[in-house]
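Q: Chain by chain, the residues:
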Amino acid sequence: MEKNRRSFLKFAGISVLGLGSLSLLDGLTSDGVIASSGQTSAEATFKTTANALTAQRWGMVIDTRKIDGGICKDMEEACHTAHNVPDHEEKRHEIKWIWETEYKHAFPEKTDEFLTERLKDLPIPVLCNHCQNPPCVQACPTQATFQRPDGIVMMDFHRCIGCRFCMAACPFGSRSFNFRDPRADNAIKHENPDFPTRMKGVVEKCNFCAERLAVGKQPACVEASQGALIFGDLGDPESEVRQLLKENYAIRRKQNLGTNPSVYYLV
Amino acid sequence: MLEKALKGSKAYWIWVFALLGIITVGFSFYLKQLDFGLGITGMSRDVTWGFYIAQFTFLVGVAASAVMLVIPYYLHNYKAFGRITIMGEFLAIASVIMCILFIIADLGQPMRLLNVLLYPTPHSMLFWDMIVLSGYLMINLVVGWNVLDAERNSVPPAKWLKPLIYLSVPWAISIHTVTAYLYCGLPGRGFWLTAILAPRFLASAFAGGPAFLILLCLLVRKVTKFDPGKEQIQSLAKVVVYGSIANMFFFLCEVFVAMYSQIPEHLDHLQYLFFGLHGHGVLVPWMWTAMTLIVSGIILLLIPAARKNEAVLAVACIFTFIGIWIDKGMGMVAGGFVPNPLHEVHEYFPTFPEVMIAVAVYGTGFLVLTILYKVFVGVKTELAA
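The listed protein sequences correspond, in order, to chains P and C. Every number in my numbering is 3 more than the matching position in the first sequence, counting from 1. Every number in my numbering is 98 more than the matching position in the second sequence, counting from 1.
Don't take every hint at face value.
Simulated pairs of lysine-lysine, DSS-like, Cα-Cα distance not exceeding 27 Å [said to hold, decoys possible]:
| no. | chain 1 | residue 1 | chain 2 | residue 2 |
| --- | --- | --- | --- | --- |
| 1 | C | K406 | C | K102 |
| 2 | C | K130 | P | K192 |
| 3 | P | K123 | P | K113 |
| 4 | C | K406 | C | K328 |
| 5 | C | K130 | P | K94 |
| 6 | C | K102 | C | K336 |
Each pair of labels, with its calculated beta carbon distance range [unchecked claim]:
| no. | chain 1 | residue 1 | chain 2 | residue 2 | range |
| --- | --- | --- | --- | --- | --- |
| 7 | C | F372 | P | T104 | 25 to 33 Å |
| 8 | C | K336 | P | Q135 | 22 to 30 Å |
| 9 | P | K249 | C | T390 | 57 to 65 Å |
| 10 | C | V380 | P | Q146 | 35 to 43 Å |
| 11 | C | T122 | P | F160 | 27 to 35 Å |
| 12 | P | T104 | C | G377 | 17 to 25 Å |
| 13 | C | F447 | P | E194 | 28 to 36 Å |
| 14 | C | H221 | P | T119 | 37 to 45 Å |
Sample of chain P residues at the chain C side, in silico, Cβ under 7 Å [to be verified]:
| no. | residue |
| --- | --- |
| 15 | E92 |
| 16 | P111 |
| 17 | C143 |
| 18 | R162 |
| 19 | C166 |
| 20 | A171 |
| 21 | A172 |
| 22 | F175 |
| 23 | S179 |
| 24 | R183 |
| 25 | R186 |
| 26 | A190 |
| 27 | I191 |
| 28 | A217 |
| 29 | V218 |
| 30 | Q258 |
In case anyone wonders, no lab produced these hints; they're calculated from the structure. Backbone N, C-alpha and C fix where the C-beta goes; we use that ideal spot for every residue, glycine too.
Chain P extracted, bound-state conformation:
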C-alpha cells in the first residue's frame, strides 16, 4: 500500500511536470509559426510606395467652425467604407472608428451652462486621439496594440486576444470590440478589398489611415471633410497643422489626463 501510494505520487508529479513542459514546448513551436506567418502577412498587406507620406508625429486639427452634420456623415461613411467597418443593428455590438457626438460628450469636463449657442448644438467628430502617451498600449498584454515611431497607434488584429483591457484603459471610448462576426449577416455592405476585414473577438479602432498614408493618400475622413479636417506633421513647424495651431486657440480632449492627444479641435 505504502509503495503504491508513493509510486502514484511520483507518477502524478511527473505527469504534472510533463504537462507543464508540454505546454511550454507548444508555446515555443507556435512562437516560431506565429512570428513567421505574422511577418509575411505584414509584408503582404502594407506596401510602402515611393510617394508614401511620412511624418515625425502625425496629428490632426479639426476646425469645428467648418463642420456640419452633413460633413460628419460623409466622413463617417468614407472611413467606415474604407475600413470595412460592419454595421450591426444591435446597439451593444456597434463598431465605430469616427462618429459625431455633442460638445458635452466630447468634452465632458468642459461643459458649461452658458456654453456658446453654436457649440451647444454642433456635431463634434470624435475618433482615436493617437495619444503620444497611449494608455491602451500600456495596458495591452500582447503588444497587439502598439505605437509606431510616427505616433500612429495601431492594432494587430491577428495578435489581439480580445481581453478588452485597452478598451478599459482608453479614456476616450475610441475602441470597439467585435462582439460578433463582422463578416456575417451582410454587416459590411460594400467590401473594400484593399483593407482587411476582421474576425470576431478582436478590438479595432481608427488607424489614421496608415494604409492610405503608405500610398501617398490623405486619410479618408480628411478627404471627405471639405477642408474641416487638416492632417499633417506635428513635428514639422512649417506644416499646415502647426501653422493652424500657431494662429488659433485649440483644445484637446481630457488634456488633464496627460495622454497627450494628437487630435486638436479649433472651437
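Here the structure of chain P is known, so what remains is to put chain C in place on it, guided by the hints.
A: Showing chain C alone in chain P's frame:
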C-alpha cells in the same frame, strides 16, 4: 492520496455527477459563445467587462484569503488553525482555477491565450496577473498537498516547504494587489482611480473568503466525520468581522472623498450605483441589498452571543459573502464603466447564457474543491481511526 476521492458514499457520487451535469450544461452555452462571439453576453462597447471579470475579481479575493490561516498558524504558531489551514489552501486552489477559467471565458480569442507568454509585456498589468495567479496556484498545490501527505505519515512536513510557506504570504497579498492594479492604474476611469483600491480589495477578501470557509467548515462537519473545530470557526469569525469592518471603513473613505470633493468623474459612478444617473439605475437595488447584507453581517458578528451561536454565525457569513459578492463583483466592475468616458449612460446586466457559463465555471471550481476536500477529510478521518 488522490485515490481517496475515488471511494465515496452514494451522496458523494450524486453530488459529483450533479456538478458534472451543471458543467456540461454550462459548457454547451460556452460553445455557443465560441461560435457566435461575446455578443451573447450583456457586455457592450461601453461596458466591456461584465459578469466574468466580476467573478474573477471576487474569486481572487477568496483565493488570497487563505493567508488569513497561514499567517496565524505558521507565523504566530496559533496551533488551532493547523487543523484547517489545508482547507484554506485547497479553497485557494479551487478559486484560482475558477479565476483562470473566468479570464478564458472572457477572451474574444481564447485560442490565442498563449500570446501573453509569447510576447511577454511587463508594462501590462495583465501579464503580471498571469504570473502571480499561476505562481499562487503552484505554491498552494505543492504546500497543501505535501503538508497533508506528511500529516498522513505522521512526520513533520519537509524542510524545503518552509520557505515556500513563507513565500505564500506576500504572494497572496500580491495576487489581489495586482488584480486591483488592473483597474486603478487606468486614467479616465474615476471610480477605480483610487490608491485605496488594493487595500480595499484585500479587506473585502479577508471578510468574504473566511466567511465562505466558515460555511465550508460547518458543511464538512455536517456531512463528514471530521470536525474542523469550534475554536477554529470562532477565530475565523473574528477574522471575518475585522475584514468586513476594514472594508466598510475603506468604502466610507471613498464615499467621503467623492462626495466632499464633488469632482464629477469620481462622484458620478457612486451616484449611478446608489441612486441612479439620468434615470438609469438597474444596479441601485443590488447595491443597497449588498450594503444592508454587509452591515447586518457585521452587527451579527460583533455581538459575542450571536457570533457564538453557530446558526446565527452561518447566517452572518452568508450575508457577508453575498454582500461582498454583489458589491465587489457587479458593483465594482459595472460601476466603473457607467457613465462611459463620454459621460453617456449605457447600462449593463448579464444575460442568461452569460450566467450559465459562469455557473459552469463555479461548478468546475466546486468539483475541484470537492475532490480536494474529500482527500483532506479522508486523511483526517483515517488518522483519527
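Q: All hints, please: hold or fail.
A: For each hint, the structure was consulted:
1. Taking the CA atoms of K406/C and K102/C, the gap is about 33 Å. The hint is violated against a cut of 27 Å.
2. Simply put, K130/C and K192/P have alpha-carbon atoms about 26 Å apart, close enough for the 27 Å limit, and the pair holds.
3. Between the alpha carbons of K123/P and K113/P the distance comes to roughly 12 Å, so the proposed pair stays at or under 27 Å and holds.
4. Only pairs whose Cα atoms come within 27 Å are accepted, and K406/C paired with K328/C is accepted, the gap being roughly 9 Å.
5. Proximity of K130/C to K94/P is assessed by CA-CA distance (about 21 Å); at most 27 Å being required, the pair is judged to hold.
6. Taken as a hint, the K102/C and K336/C pair is broken in the structure, with Cα atoms around 33 Å apart against an allowance of 27 Å.
7. The supplied range of 25 to 33 Å is met by F372/C and T104/P, whose beta-carbon atoms lie about 27 Å from each other.
8. Checked against the hint of 22 to 30 Å, the pair K336/C and Q135/P fails, with Cβ atoms roughly 52 Å apart.
9. Between K249/P and T390/C the beta carbon distance is about 59 Å. The supplied range of 57 to 65 Å therefore holds.
10. The hint said 35 to 43 Å for the Cβ distance between V380/C and Q146/P, and at roughly 36 Å that hint holds.
11. Taken as a hint, the range 27 to 35 Å holds for the pair T122/C and F160/P, whose Cβ atoms sit roughly 33 Å apart.
12. Under the hint 17 to 25 Å, the C-beta atoms of T104/P and G377/C, about 20 Å apart, fit the expected range.
13. Between F447/C and E194/P the beta carbons are some 35 Å apart, a value that agrees with the proposed interval 28 to 36 Å.
14. For the hinted restraint 37 to 45 Å between H221/C and T119/P, the CB-CB distance of approximately 41 Å keeps it satisfied.
15. For E92/P, the interface hint is violated, the least distance from its beta-carbon to any beta-carbon of chain C being 12 Å, above 7 Å.
16. Nearest Cβ of chain C to the Cβ of P111/P: about 4 Å, under the 7 Å cut. The hint holds.
17. Here the hint on C143/P is kept, as its CB sits about 6 Å from the closest CB of chain C, short of 7 Å.
18. With 7 Å as the threshold, the beta carbon of R162/P comes within range of chain C, its nearest partner Cβ sitting at about 6 Å, so the hint holds.
19. The interface hint given for C166/P is met, as the beta carbon of that residue sits about 6 Å from the closest beta carbon of chain C, less than 7 Å.
20. Taken as an interface hint, A171/P checks out: its beta carbon lies about 6 Å from the nearest beta carbon of chain C, inside 7 Å.
21. The beta carbon of A172/P comes within 5 Å of a beta carbon in chain C, closer than 7 Å, and the hint placing it at the interface holds.
22. Hint on F175/P holds. Least Cβ distance to chain C is approximately 6 Å, under the 7 Å limit.
23. Annotation: S179/P was flagged as interfacial toward chain C, and the flag holds, the nearest CB pair being 6 Å apart, inside 7 Å.
24. Hint status for R183/P relative to chain C: holds, with the closest Cβ pair at about 4 Å, below 7 Å.
25. The beta carbon of R186/P is not positioned within 7 Å of any beta carbon in chain C (closest approach about 11 Å), and the interface hint is therefore violated.
26. At about 12 Å, the closest approach between the beta carbon of A190/P and any beta carbon in chain C exceeds 7 Å, and the interface hint on this residue is violated.
27. A hinted interface residue such as I191/P counts as satisfied when its beta carbon comes closer than 7 Å to some beta carbon of chain C; here the least separation is about 15 Å, so the hint is violated.
28. Look at A217/P: its Cβ only gets to about 24 Å from chain C, farther than 7 Å, so that hint breaks.
29. Because the closest C-beta pair between V218/P and chain C is about 29 Å apart, greater than 7 Å, the hint is violated.
30. For Q258/P, the interface hint is violated, the least distance from its beta-carbon to any beta-carbon of chain C being 11 Å, above 7 Å.
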